[in-house]
Amino acid sequence: MSFITDRKRVDGLGAAHNGVGHWMSQRLTSIALIPLSLMFLFPFMRSLGADHAAMLQTYAHPYHALVAVMFFIVVCKHLQQGLQVVIEDYVHGQRTLLASLILNKLIWGGVAVTAIFAIAKIAFSA
Amino acid sequence: MAIENQGAGSNQGNRPLSPHLQIYRPQITSVLSILNRITGIGMLLATVLIAWWFLAAATGVGYYELVDGFLTSWFGLLILVGSLWAFWFHFFSGLRHLRWDAVKGMGMKSVRRSGWITLILSVLATVLCIVWVM
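Taken in order, these protein sequences are the chains called A and B.
Just so you know, the first sequence maps onto residues 1 to 126 in the numbering used here.
Just so you know, the second sequence maps onto residues 1001 to 1134 in the numbering used here.
Because the hints were derived from the structure by calculation, they are not lab data.
Keep in mind that this is a model prediction, so the values were computed, not measured.
All C-beta atoms in this analysis are idealised placements derived from N, C-alpha and C, irrespective of residue type, glycine included.
Warning: the hint list may mix true and false statements.
Listed next, the stretches of chain A that the computed footprint assigns to chain B, with coverage defined by at least 3 CB atoms under 8 Å from CB atoms of chain B [to be verified]:
| id | stretch |
| --- | --- |
| 1 | 3 to 11 |
| 2 | 41 to 49 |
| 3 | 53 to 62 |
| 4 | 76 to 89 |
| 5 | 104 to 117 |
Simulated pairs of lysine to any residue, SDA-like, Cα-Cα distance not exceeding 20 Å [stated by the list, open to error]:
| id | chain 1 | residue 1 | chain 2 | residue 2 |
| --- | --- | --- | --- | --- |
| 6 | A | Lys77 | A | Ile102 |
| 7 | A | Lys77 | B | Gln1022 |
| 8 | A | Lys77 | B | Val1081 |
| 9 | A | Lys105 | B | Trp1085 |
The whole structure should be built from the sequences, with the hints applied where relevant.
As structure tokens, this is what we get:
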């Protein structure tokens, strides 16, 4: 005999165990990306194809370095969130699903850390 | 009886299935919904490539020139220009979704109109970017 209510017992025990938090967080990253993606995109398009010295000069500047770092943090989170929804839709079987979701987080964490390290090295060594 | 926690599809039995995608005539609403997901997934590659470009630049001149050369080759540019359109589509489509989240523009007429605007703006912005960078 338990004293917890029925409501409390089923709380968080739906098929996905959660949802609102993920939804809210996805809106948050998408709103953050409205300015961030544009602030990153235009200098990047200008720098692509530039020689090495010019590229380093651009991203050694604190503004461009910070924008690029913030962009990669938020975009990798947003990609992970978007891919998670796709995985939840199309990957079946509890083990495969869980493994895919964990792998998804590790990969985008890895991409973000790689990019941040590279940008920091450029910014600090110039 | 022990009920194992199996994936979807294992307990389908003889339940009727709802009609799937290929049954329906493509509409601006459904096509754009699918495109929003496809463009999002499509940009995974470009994001990794750009991170690689930064890593190469941080490593040295030789490696940078290799990666930058690949990204500005016809094959690299094919991926990047495709991703540029994917970006603008996903950008405007995202704004459209955020507007819906605020419960605005949800009538059928408005939904169709914002759909066409999204599509047109994505192509226009892509072309403008290419002209600007050249």
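Taking the hints in turn, this is what the structure says about them:
Counting residues of the stretch 3 to 11 of chain A whose beta-carbon sits less than 8 Å from any beta-carbon of chain B gives 0, not enough to reach three: the coverage restraint is violated. Under a criterion of three residues with beta carbons nearer than 8 Å to beta carbons of chain B, the stated coverage of the stretch 41 to 49 of chain A is upheld, 6 such residues being counted. Note: the stretch 53 to 62 of chain A has 3 residues with beta-carbon separation from chain B under 8 Å; the three-residue rule is met and the coverage holds. Given a C-beta distance limit of less than 8 Å, the hint that chain B covers the stretch 76 to 89 of chain A holds, as 5 residues qualify and 3 suffice.
Restraint check on the stretch 104 to 117 of chain A versus chain B: 4 residues with Cβ-Cβ distances below 8 Å, three needed, restraint holds. As the CA atoms of Lys77(A) and Ile102(A) are separated by approximately 13 Å, the hinted pair is consistent with the 20 Å bound. For the hint linking Lys77(A) to Gln1022(B), the alpha-carbon distance of about 33 Å lies beyond 20 Å, and the restraint is violated. For the proposed pair Lys77(A) and Val1081(B), the alpha carbon gap of about 23 Å is over 20 Å, so the pair is violated.
Restraint check for Lys105(A) and Trp1085(B): not satisfied, since their Cα atoms lie roughly 26 Å apart, outside the 20 Å limit.
When each numbered hint is compared with the structure, violations occur for hints 1, 7, 8, 9.
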